[in-house]
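Undergrad: In case you want the letters, here they are:
Number of protein chains: 4
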Amino acid sequence: MAPELHSLGHVALETPDLEESLYFFEGAVGLEEVERAGGTVYMRAPDEFAHHSLSLAEADAAGVDHVGWQTADEASLEGFADHLEAEGIDVRWVEAGEEAGQGEAIRFATPTGHRFELFYHVEKPDAPAEKRSKLKNKSYAACKTNPVAPRRIDHVQIWDAEALELARWMCEHLDFRVQESWEDADGSRWGTFVSANGVKIEAAVIQDDDATAPPKLNHVAYKVGSNDDIFAAAGAMREMEIPVDGFGQHAISRGSFCYARDPVSDHTIEFNGAGYLVFDPEWEPVRWQEADLIDRQWAGQHGGSVNVPY
Amino acid sequence: MAPELHSLGHVALETPDLEESLYFFEGAVGLEEVERAGGTVYMRAPDEFAHHSLSLAEADAAGVDHVGWQTADEASLEGFADHLEAEGIDVRWVEAGEEAGQGEAIRFATPTGHRFELFYHVEKPDAPAEKRSKLKNKSYAACKTNPVAPRRIDHVQIWDAEALELARWMCEHLDFRVQESWEDADGSRWGTFVSANGVKIEAAVIQDDDATAPPKLNHVAYKVGSNDDIFAAAGAMREMEIPVDGFGQHAISRGSFCYARDPVSDHTIEFNGAGYLVFDPEWEPVRWQEADLIDRQWAGQHGGSVNVPY
Amino acid sequence: MAPELHSLGHVALETPDLEESLYFFEGAVGLEEVERAGGTVYMRAPDEFAHHSLSLAEADAAGVDHVGWQTADEASLEGFADHLEAEGIDVRWVEAGEEAGQGEAIRFATPTGHRFELFYHVEKPDAPAEKRSKLKNKSYAACKTNPVAPRRIDHVQIWDAEALELARWMCEHLDFRVQESWEDADGSRWGTFVSANGVKIEAAVIQDDDATAPPKLNHVAYKVGSNDDIFAAAGAMREMEIPVDGFGQHAISRGSFCYARDPVSDHTIEFNGAGYLVFDPEWEPVRWQEADLIDRQWAGQHGGSVNVPY
Amino acid sequence: MAPELHSLGHVALETPDLEESLYFFEGAVGLEEVERAGGTVYMRAPDEFAHHSLSLAEADAAGVDHVGWQTADEASLEGFADHLEAEGIDVRWVEAGEEAGQGEAIRFATPTGHRFELFYHVEKPDAPAEKRSKLKNKSYAACKTNPVAPRRIDHVQIWDAEALELARWMCEHLDFRVQESWEDADGSRWGTFVSANGVKIEAAVIQDDDATAPPKLNHVAYKVGSNDDIFAAAGAMREMEIPVDGFGQHAISRGSFCYARDPVSDHTIEFNGAGYLVFDPEWEPVRWQEADLIDRQWAGQHGGSVNVPY
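Chains as they are written, first to last, in the numbering used here: chain A, 77 to 386; chain B, 77 to 386; chain C, 77 to 386; chain D, 77 to 386.
Errors might be hidden in some of the hints.
When chains are identical, the list treats them as one kind, so a pair holds in a single copy or across two.
Unchecked claim - Straight-line distance between alpha carbons at most 30 Å, and here's what the computed BS3-like set of lysine-lysine pairs gives: (1) K200 with K220; (2) K210 with K220; (3) K220 with K207; (4) K200 with K210.
The set of hints was computed from the structure by calculation and includes no laboratory data.
Construct the entire structure; sequences and hints are all you get.
TA: Structure representation (structure tokens):
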């Protein structure tokens, strides 16, 4: 039986100054710290039960250690490992607990060098008592966390000089499916928007026009509850002196956005609202062409991106 | 390979006065009419691409013809048919097109008499040009439909004198899984909240204290974009002279609600906001007990329900 | 020249347990503490520049010391004092600073015993640096205060066995004007909704059916930014174990509401959203009669009130 | 007694193609047509009771006939007329009914040529029965009007080569007061934000760097109910093929915005949300200096303006 991917799990990031970056990730964005282990801080959003959706470690320079994807079951780990090795991909097994709160996992690089991790099991530690929600289907009480804290991880945007090939490889070998795509006027594919679970876009795979550029992460998106929260997030970033690189709504995915950037590491968090969900086993990818719209942004503008390499 | 269910598809309802009921479903709630065929009106919400999520036919009395569930693939139809027949369930095949816009399907009754349909294929007709969105990932332009129109079908609530047994049967034989449950103080199960896709609750299976009551449908929930829309819906119902049976937010599912009832048929539509999504292959059902909360509603109140039998 | 009233300024409340009540007013509702002086805690909402909109002092029992109204200018203080004394009302002058942050004021009781204060000048202390907004037209940064903190004081609701007479007296002698009124089916006036500034309702004057009841304060309303905040407030009260006595939207004033009650003092804060503003010098009072609506609440329900006497 | 201004009443605009422009003002923005008389179409927003807040007439070119301000009482009309004539301003009396739905008025030009009208009385025609709200304090039912229709007129932005002098003149001779102001880094005043009623900014008086430019109107702002409506408005404009010139939130006034422009006349409507109200008789103008903020917009961006001359 073919191994199955389930959903985006977490990103493991690096920063040149851990404490300074925590001002951004915890103080401004509002992620909750779950655990510190081995110099790494593990964080999650207030609606998340899983141990972490973002981890941060200090390194010489800002970077991306890996993007973590959850499989549909334990057996799929072995299945993906076998399949990838048969494809000539170097697969490393990570023991349970090497990444805090998590069962065993495999790590490998895509042909163009994106470092991915696949894991299945993850612990679900209770929120601390003073922040825990009285709702058993919620982890942290909304009134007891950062006022702009987003709810849960939504997607990553990754850049690649061979983006179309990467997207195809992810679909063929890692069980992703295409939800939307965008072609520029010259017929080249600018972006492919893929999903592991088929319900929402989980990776935007974007063409890097610099053919020599290394694979990079543009941003990690976290979901907020409403478009009003997008305004609240933008205002909060200004109050906290955090750079905002864009504010508006995408046509692709229909997601509203506010891009906030850690001035220390350039890692960017997208506060992401609106959007839509797919409950359709026969979904045909939405194929945008540049001529379809006068502006790829449905509202507002996306300013200059800052990509961070692995 | 075991047949797989994918998600809630539609409900097929009956009313003693079709035109009067359309004042409710189309005029007040804001569903869009897609097709009239054989005395049945097929409707969908503005964010839906599938041919219909609700159909309405005239009958002697208000009733429920069936609740329709989509399977994960074509083969699962045959798989479920075989499995159900082996269980002694009477299965009827419905030809493609008998229900407008839909491929072949099977119909059967659960042991306690809920009439379910399973189908796989459904057409996706374009919205009419004058209402079609310029967004290729949206069907109707939001500014061109009913101002309170909800986005997409979310769940059904069904009542049964043997609700716990029904919920277990649905999980064992129809690939549902439990997302939440509620036990009253006496230890009896009041409700089981199950999902086909594992991402959101799609059927609330509620205990009917009247042991002789026939199986019934309490309401069909459609998703709105924000809690502000819940207020807008309540106001619109008042402006349209539509009875509202409840307004607030559930603890179970965290869904905010406004219950609007067709005065002609007593069929109830829940405008449903907030809530949460599950992206967790290891999800453990949330087991509420009456003592967990001072009130099962997190905010506001759910007034008297009006159930409609099949 | 006739003295002029400008707007509702503050309420001065008493509680049997100051610290316990601060859990409610500061911890749950989110008012910011500005000053403690003489056993009284002065608080304001995050959008307020004036020194306080609510003060709280410990007393043998819960009570209302006074409701404070700001005059349009300094001269109006003297003008009102002269006028009221000519009407046989006992007027006491309060020296500047007796009430912290405030200039001189007059205090008196209405004929039925509501204790009112009129003042003109009030200090506008800066928010503490760590909470101050970078917006010069805002006092506290929204992301640095209690997540459910309302924006500014909006209105009071007061009960009186002679409510109609009280409302008329307030209009004749204190420069209030009627914005809306409600007559019950028997023709009796249930409530008169008056304004000092003419822009919004600032006092709801409600008939107490108990002819021997002392004058009382039902609640103090603070404005929130959106209907979504009404849901957020209700949820926060549940998380904080604060009783909620109503949730929905009034037809009168069009205000959406969530009533939260301090379990120690029974003082009630209304989180109030929506509503409308009057910019019309010819405004004719809106005269509701019971038959106009099937329910005085436009959405949801107002549960039992707990009035607190002066 | 000095004459008093009360609030912004309406703008009287001209377009080269009336019917084409109505596609914008009625079809896209959602203003309701109240009356057509003498080639002029009178419109108002769904929450307005006054006869009109915007009128549109066909002319050779797009232009502004006048901006209309309501006085606090009838006597103030005569008072302002006398005062202005004593200042050497040419005042023309307009008979009741010359402008549909309105009592007598005076018209004049400010020293730099802005054509203003002062009026006191305005009729309040009922909304048509099929659109009328069941709420007696609301004119049109929200569910029966254009889904993005804003609630009420809020302010105008006017440009002038002598903006600071104009603002001072308006305060000295027309009873305006300054609520906020903005100085550029070179010490020059970029904008003065004035109010007739003291509760909200009603005219933004902006410096035109072209010393020879005629006086112009940049936009008319209408208030929406929430920041979510700003997103809805932007999306609706895209669906209706209406140009959007800016999307975000101002620091000045704290208003959120979406600027929509009639492609036929270049008249611009700002959908305006958020903001704050002043209930403070001692309000000190907020004096911004360029160095106070890294960007005058708190969120998003204001694109190029298109000003329309009188």
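Undergrad: Since the copies are identical, ignore which copy is meant and state whether K200 and K210 lie within 30 Å (CA to CA) inside a copy, between copies, both or neither.
TA: within (17 Å within a copy, 38 Å between copies)
Undergrad: I want to check one pair: K220 and K207. Are their C-alpha atoms no more than 30 Å apart within a copy, between two copies, both, or neither?
TA: both (6 Å within a copy, 17 Å between copies)
Undergrad: Is it within, between, both or neither when you check K210 against K220 at 30 Å Cα-Cα?
TA: Both: 12 Å inside a chain and 23 Å across chains, each within 30 Å.
Undergrad: Given a CA cutoff of 30 Å, do K200 and K220 count as a within-copy pair, a between-copy pair, both, or neither?
TA: Classified as both: same-chain Cα gap 19 Å, cross-chain 29 Å, threshold 30 Å.
Going down the numbered hints, you'll see the structure goes against none, and every one checks out.
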